[in-house]
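K.L.:
These protein sequence lines map, in sequence, to chains Z, Y, S, B, V and U. Yeah, the first sequence ends on 279 if you go by the numbering used here, and it's all consecutive. Yeah, the second sequence ends on 279 if you go by the numbering used here, and it's all consecutive. Yeah, the third sequence ends on 279 if you go by the numbering used here, and it's all consecutive. Yeah, the fourth sequence ends on 279 if you go by the numbering used here, and it's all consecutive. Yeah, the fifth sequence ends on 279 if you go by the numbering used here, and it's all consecutive. Yeah, the sixth sequence ends on 279 if you go by the numbering used here, and it's all consecutive.
The list treats identical chains as interchangeable, and a pair is accepted whether it falls inside one copy or across any two copies.
Distance condition first, Cα-Cα at most 20 Å in a straight line; then the derived PhoX-like pairs of lysine-lysine:
{"hint": "1", "residue 1": "K6", "residue 2": "K54"}
{"hint": "2", "residue 1": "K6", "residue 2": "K53"}
{"hint": "3", "residue 1": "K223", "residue 2": "K53"}
{"hint": "4", "residue 1": "K53", "residue 2": "K13"}
{"hint": "5", "residue 1": "K211", "residue 2": "K13"}
{"hint": "6", "residue 1": "K16", "residue 2": "K169"}
{"hint": "7", "residue 1": "K223", "residue 2": "K54"}
{"hint": "8", "residue 1": "K6", "residue 2": "K223"}
{"hint": "9", "residue 1": "K196", "residue 2": "K53"}
{"hint": "10", "residue 1": "K169", "residue 2": "K211"}
{"hint": "11", "residue 1": "K196", "residue 2": "K54"}
{"hint": "12", "residue 1": "K13", "residue 2": "K169"}
These are computed hints drawn from the structure, not numbers from a lab.
There are 6 protein chains.
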Amino acid sequence: MFYHIKELQYDAKPDKPDPVYAKKLQEILGGQFGEMSVMIQYLFQGWNCRGEKKYRDMLLDIGTEEIAHCEMLATMIAKLLDGAPVKEQEEAAKNPIILAAMGGMNPQHAIVSGLGAKPDDSMGYPWNARYTIASGNLLADFRANLNAESQGRLQAVRLYEITNDRGVKDMLSFLIARDTMHQNQWMAAIAELEQKEGFIVPNTFNRENEKQEVSHSFMNFSKGTESAEGRWAQGPSMDGTGTFEYIENPEAMGQIPTMTPPPPYIHGTPPDFHIPPME
Amino acid sequence: MFYHIKELQYDAKPDKPDPVYAKKLQEILGGQFGEMSVMIQYLFQGWNCRGEKKYRDMLLDIGTEEIAHCEMLATMIAKLLDGAPVKEQEEAAKNPIILAAMGGMNPQHAIVSGLGAKPDDSMGYPWNARYTIASGNLLADFRANLNAESQGRLQAVRLYEITNDRGVKDMLSFLIARDTMHQNQWMAAIAELEQKEGFIVPNTFNRENEKQEVSHSFMNFSKGTESAEGRWAQGPSMDGTGTFEYIENPEAMGQIPTMTPPPPYIHGTPPDFHIPPME
Amino acid sequence: MFYHIKELQYDAKPDKPDPVYAKKLQEILGGQFGEMSVMIQYLFQGWNCRGEKKYRDMLLDIGTEEIAHCEMLATMIAKLLDGAPVKEQEEAAKNPIILAAMGGMNPQHAIVSGLGAKPDDSMGYPWNARYTIASGNLLADFRANLNAESQGRLQAVRLYEITNDRGVKDMLSFLIARDTMHQNQWMAAIAELEQKEGFIVPNTFNRENEKQEVSHSFMNFSKGTESAEGRWAQGPSMDGTGTFEYIENPEAMGQIPTMTPPPPYIHGTPPDFHIPPME
Amino acid sequence: MFYHIKELQYDAKPDKPDPVYAKKLQEILGGQFGEMSVMIQYLFQGWNCRGEKKYRDMLLDIGTEEIAHCEMLATMIAKLLDGAPVKEQEEAAKNPIILAAMGGMNPQHAIVSGLGAKPDDSMGYPWNARYTIASGNLLADFRANLNAESQGRLQAVRLYEITNDRGVKDMLSFLIARDTMHQNQWMAAIAELEQKEGFIVPNTFNRENEKQEVSHSFMNFSKGTESAEGRWAQGPSMDGTGTFEYIENPEAMGQIPTMTPPPPYIHGTPPDFHIPPME
Amino acid sequence: MFYHIKELQYDAKPDKPDPVYAKKLQEILGGQFGEMSVMIQYLFQGWNCRGEKKYRDMLLDIGTEEIAHCEMLATMIAKLLDGAPVKEQEEAAKNPIILAAMGGMNPQHAIVSGLGAKPDDSMGYPWNARYTIASGNLLADFRANLNAESQGRLQAVRLYEITNDRGVKDMLSFLIARDTMHQNQWMAAIAELEQKEGFIVPNTFNRENEKQEVSHSFMNFSKGTESAEGRWAQGPSMDGTGTFEYIENPEAMGQIPTMTPPPPYIHGTPPDFHIPPME
Amino acid sequence: MFYHIKELQYDAKPDKPDPVYAKKLQEILGGQFGEMSVMIQYLFQGWNCRGEKKYRDMLLDIGTEEIAHCEMLATMIAKLLDGAPVKEQEEAAKNPIILAAMGGMNPQHAIVSGLGAKPDDSMGYPWNARYTIASGNLLADFRANLNAESQGRLQAVRLYEITNDRGVKDMLSFLIARDTMHQNQWMAAIAELEQKEGFIVPNTFNRENEKQEVSHSFMNFSKGTESAEGRWAQGPSMDGTGTFEYIENPEAMGQIPTMTPPPPYIHGTPPDFHIPPME
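So that you can see chain Z by itself, here it is in the shape it has in the complex (with noise of 0.2 Å):
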């Protein structure tokens, strides 16, 4: 269960309003790698967990504070639609820098939200479920909770650096901090993980069960042998099991496929048309 206190966890006060940026800034609420799905995902990873009690614990620990990120988040892109000018004035459309500033808004903050922020990213695409995995397997998720905060925090730091607002660059300084311990986080419970259970997910399959001679070879499928110049390409491989090896001309270990005729209830195109050719 949740509780709410009035209090932002860190600051979200602009200098002043700024439609444009605002618009900008829905990447990190509502986009792809925003502060909805990192909430999403690590609430459902809690939720869901069937592993030890400090990881469902840490899990919503995390989970929470990113509520609280996207009330900050929401708080400040408000703030920076105060008195946007979406009111067409006959001396503003007239005015190059106004027009500007009006035909780089998103004009649902106008017409659909009222001036508020919208569970949308920077195009205005709604956030969707989608972006989120809650596997059941805490090695897979927490290198989708790394890669999340990994992408999410270049995100903030380029737009720290699109904007000259000195309260957004405060509140997005906290909020790219944050991503620092949470990039720290999951890199050192990936590690714990990876110490027990090997690195390879899931650790659990018997990998006589695959197909071990393509474990760990490169296939080069592009003409050139640049890639070969990679760590991928030669020495152990990291899951300590084998020696990567460099196939320069990987070649086809499967059949041609050949396809039955469909049944006519299907309507295909029977296999055996023999159409003459046109004149």
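Given chain Z's structure and the hints, the job is docking chains Y, S, B, V and U onto it.
P.N.:
The following block gives chains Y, S, B, V and U in isolation, referenced to the frame of chain Z:
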């Protein structure tokens, strides 16, 4: 530019048709972590790559291989659909085994695709491009790739477990092995980049611009302290720049937000509305 | 900012696993009118609220409660999935009862979420943010909320009817009661606002700017006049500003549209194309 | 069955082209609460109606009218796109007024629809059927309809405010008036049903089956008691069956959930994993 | 503007309820090539039509007919859902025939729509506007229409084959006949336009501006030359302006792309990163 | 299986960066009729092909070529994004030319993809698999393909018209020429199949099972008879089996539907509800 040969990378030959399993197998073709996702993800990462040539080359190698994995799965699904009992017959409707099979099929496999594979997942949800990421930051993206291969192998293993068809298991044993390699590959590429760049994405952002006092703090937002037992709550941080701190009772650092009334042309609810209690 | 405690708001303990019902129960977690929808809707309405403080506070109270409802449903679904018969065995494939259960399951509950709840509806369609609204006009939004609680309670009741599991029924009896309260709550809040503002949203728009001659007319576009029997076709209008009028044979008041030919660079079909009839 | 006449229900004649406004006007054609939504919603409610004939008739009356509203908006949008400056010319690229107009256009209005309206919203997001509901319970659905007409009129009013085009304003004045009628209509239909059925949807569920002790309690999950000031926190409940109660410190009534370990073939993380802290 | 009459265009009377078939029949109501798609596609093509009046008139004729087809299908689906066995009873749960029927139903037909049709396809995926096109070029669009009627008739035929219900078959025999007419209609309209305009869309683009040396070349990117046997690989081109050419070994005509490093504020991976191989 | 070479099929070298045009060019990469659509559509049609070998081979030839077209467009978009003015600077914010360019950009090109192409359309909507079809009936599918190449060439031509960049125009001149060939190709393949199979898809359905009296009738549902002037309203039908008939006043052939009341556990609105008019 690309070329095709008729042979599959590996055999896709089921022992016998099984339309219910065909529906399930769609997950790793057109699902969130299916082969279409890694195909599009690696190709776009390669095409957009502004980094060293070996990365572009490597990304296009593996992206090209994934097209072949889509081909194998599409072939397998079409073969599993051979002779699907879609045509209701009086007798069949009374045979619960057949009836259950009909109920468990994806009806679009008959009505829409005419016994062919679809670019959808196991619930019939169409593949979409928000399943992928290409951020221009390779460390971030390789973490996305490691996650995709972890989730993908986990799903392939689950599908391996729930079939008895030796042909299907044989094909999956190949795909699972390739996922083993690809997890190894991304771990290797990540290790290379982390060794050079450091561990936090993006590493080029000046850490002094982030609120460093919260860059290594685990905040316990969920009552109870089981989460203190993890590696993430103590010891040196994974990025080597600090020490993990456990904050048992995190407190708000921000303001209570107050919002400006909207301008009249927005027709929001005025803030000073005084409404007497109803009698 | 938010805090979490480990106890659920109310018990989520099924008598026994039932993976087919777990699929159905997803509807009120991640469906159009599920708990995720009201959670996100109330939180955004609260965060964006530019009205009186009591509305913001009330919205965040109920939004916070809805997170707990998501938690209860996710827990229940995970428990209903315990021991799902996803692993096909020779015997099972011949037992129609088990086979039907397997056919009726959501395959992603096994393959993707590993026996965990998903943020999706009962057909596996992912939750998306267009299910919600926060318009900045509280009377409009409270009507959205009353609708959401009405549809939500209706769906919960239908789910109550189709199970015999006492544990599930017990949890639903709690959620249904809360929906009763929440319908009451929104009716009360609506009554307050209507008493002050009037009945038409938005009330701040000058009625002289609307084409008032059609503001109270019911237009009978479907042959036959059964629709004349309703309250909407006679008597004083609900907004107190007019009288309902029934127009039995509504006529067009507008022009026959004629369209300008497109400019050449659009490459549309030219309007003056004269094509002689084919022989 | 349906018939069409060439005249529009009301004039759709802008003073002059305005491609930037055309983009915005899409919101009330193909947006969440646009005319397509009410068209499909009312038609499906009518077609599915198992209630009294007057309801079916009334729903199809209004559903048929909404097709005509889509026609008016599509016509208006196409006319606003006449002569859109999509063809970049050297001079234009240096004229900031033209440039801003080009930036503010929906590029698909040129590239995809060739200066025609699209069934999308103002951010180019395509209309989808999850915007609608037809539940089989008319009281629930009429509340959905009242909400749709409230949000729709609010958006139309906002669009009225941000244009100076008299032709556009004239058409909107008609649509806004019809929205006034339709809010009136749904309020009237709701009043009829509530008078007969009672206020809680669905009214046919035995109230003894719900956990009645929480059916009239407002729970204060957000610290501070501003929310106690509302009508929803005191006095008789709106459904006439109880009294509102304000619970200042709501407590959990449920268990701390514990989850069963997954079966081995799911390859989740085992619950008894003991991982020693990293050195 | 539109009018409605109560009679259906053709009978929609099933012999008996069949909720599993109701789920499947949704495909041609709310699926990619269902009646909703052609309804919206033809109406928007008509409303946007800047060509000769007869095209606008014809498009609105057929668009209006398609609304009636949606009405017939919605009616049929609702009738097929009469008495759906959604209420689990102890006995039913042990009867595999009933159990399979319950498993094969769309659960939203019970929980969400209360035994009514939904604007969704047979997998429960909601209809969306990207299923349609109205490009402003009638030859292009009539080809889209011919495709829609071809796919639509194919799906209707498949649905005809998999039912024994005479009432359903009777209604489908009508819809299939109309699809026959509509394929004829679009072929006729296409023939008219091609006779005048020529065969390549758009015909108004100056062919000298295209790279004409590849305008009639079939390129064999897949090893093996079976594709040389088709009409497309030899003889005069269909547009009458050239001769088909078969290029057995197509070669690249373009550069090897090299990408500029990103500016620092993008925080991508620098291109000159030199990472020594790991030990 | 597939191979890649580093050379592009044709040059993708813009004269200079143009981030606003990059946004627009996304339409033919990731839009409804972009290169991703034909790539996936042709590959799946080929992989699922149960017809003659030459069709499978031809489909995979062209599907493989389309991957190369995606590569060219992705490269071009990334190059157009070089040096995008995403970093706001005090001076830039006052320069309306730069400001308009910033407003016209897709913000995700900076924030999400780091100056790389995205698998999205020009409004940022992600590509999804419902853009494609592979039905198992080749005549149906080749009509889909002809439509896709017609819409695709139309969009490429419009994009050609709205740029002055010679490098972009050069690349588009190549893609437009290939679209010319591909329209030719599908016309040729369609002609072959129609010559053999006949003109109505599917041709294998017994025409006696359709309601043949309406198989050649044009129904005039829109008042006025301009639609009588077309080829579709007179003369022999295109399928050679009848004569077009023009029905000026089409009448309903079906019943007035009456619906059964829902069972109690559905909690719909009872049909016999008698509600007295409100006072």
